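Here is what each chain is made of, one letter per residue.
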Amino acid sequence: MAHKQTYFEDVEVGQEIPPLEKNPTTQQLVKYAGASGDFYQIHYDKDFAIKNNLPGVILHGALKNAFLGQLMTDFAGEHGWLRKLSVQYRGMDQPGSKVVCKGKIAKKYSENGHNLVDCEIWLENAKGEKTTLGSACVMLPSRHPAS
Amino acid sequence: MANKYVTEAARQQIGKAGEARTVEVERGAIRRFAEAIGDANPLFNSEAEARHTRFGGMIAPPTFCRSLSAAIPDVKLDMGESFRGLDGGSDWEYFEPIRPGDRITVQSKIADLRESSGRLGPMVFITTETSYTNQFGRLCALQRSTAIRY
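Sequences listed follow chains H and B, in order.
Mind the numbering: the first sequence is residues 149 to 295 in this note's numbering, read in order.
Mind the numbering: the second sequence is residues 34 to 183 in this note's numbering, read in order.
Excised from the complex, chain H in its bound form (with noise of 0.2 Å):
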């Protein structure tokens, strides 16, 4: 596996979660329609787009949502697991400019004997600006699992 196993015993509150940094082209959302299904013209019709009072094509909530799906199952690794995702857009993101992201521990437990992390996640444009708000937990495996 490409990526590498981050443990319970790891991790601290407070710590940043490594970034994910994507650069989402006109292209890209027209793959993710056909393979999402969501044929909103807003997402790679300019012309529709400008009439509906936007500044031209954005990116779909959705493929946000999956991209911050992937800071966290990148995260969680092959032996950790995403149990929770939750994202709220605030703001609209177009193609052709950088998105980023990010996220910090927020609360590290353990309960019925598993290995839980809460996650604050966000979603940043090139501007800095938090375009996308979340939370994500993960379950992480611990380097001295209980026999």
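Since no wrong hints were added, every one of them can be taken at face value.
No more than 30 Å apart at the CA atoms, straight line, and that leaves these computed lysine-lysine pairs for DSS-like:
1. H/K232 <-> B/K49
2. H/K246 <-> H/K278
3. H/K232 <-> H/K275
4. B/K142 <-> B/K49
5. B/K142 <-> H/K232
6. H/K232 <-> H/K252
7. H/K179 <-> B/K142
8. H/K152 <-> H/K256
9. B/K49 <-> B/K109
10. B/K37 <-> H/K199
11. B/K109 <-> H/K199
12. H/K232 <-> H/K256
13. H/K232 <-> H/K250
14. H/K278 <-> H/K232
15. H/K275 <-> H/K250
So the derived list for chain H, only partly shown, Cβ under 8 Å to chain B, looks like this:
16. K170
17. K179
18. A183
19. N213
20. F215
21. G217
22. T221
23. Q236
Worth flagging that the hints you see were computed from the coordinates, not collected in a lab.
Quick caveat, the model's predicted, so the values are computed rather than measured.
Where is the CB? At the ideal position from N, CA and C, for every residue including glycine.
Given the coordinates of chain H, work out where chain B should sit on it, guided by the hints.
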């Protein structure tokens, strides 16, 4: 103040369910979805590599569920033709991996209808809950998404 659109009668639509659909998950659809979101994780892309993981094979990325075409029940509100829509966000819970060849039953229902008045006038929040259950009757994922109309 009384709601303009989310009246007591409109709230009767809470609980309304869409048609349940069962979809077979194709390996190629998982790969295409992973490629579209730009996620190269071998778990979502390579059967050969995923076979040696604890999952024993490929699984779907977390938001792949969106491609399974849930039938969202239509909500009727007396807003005329000119309202605008926004995607407010989603909350997901994951219980079991979704794998190629799974037959996933997708069922949506209206979980909540709320109204608040904002800078742009009255805004309606429609929360839809969608469950994704596999062929063994195990709940794989639960999605609560909020659509905004104003």
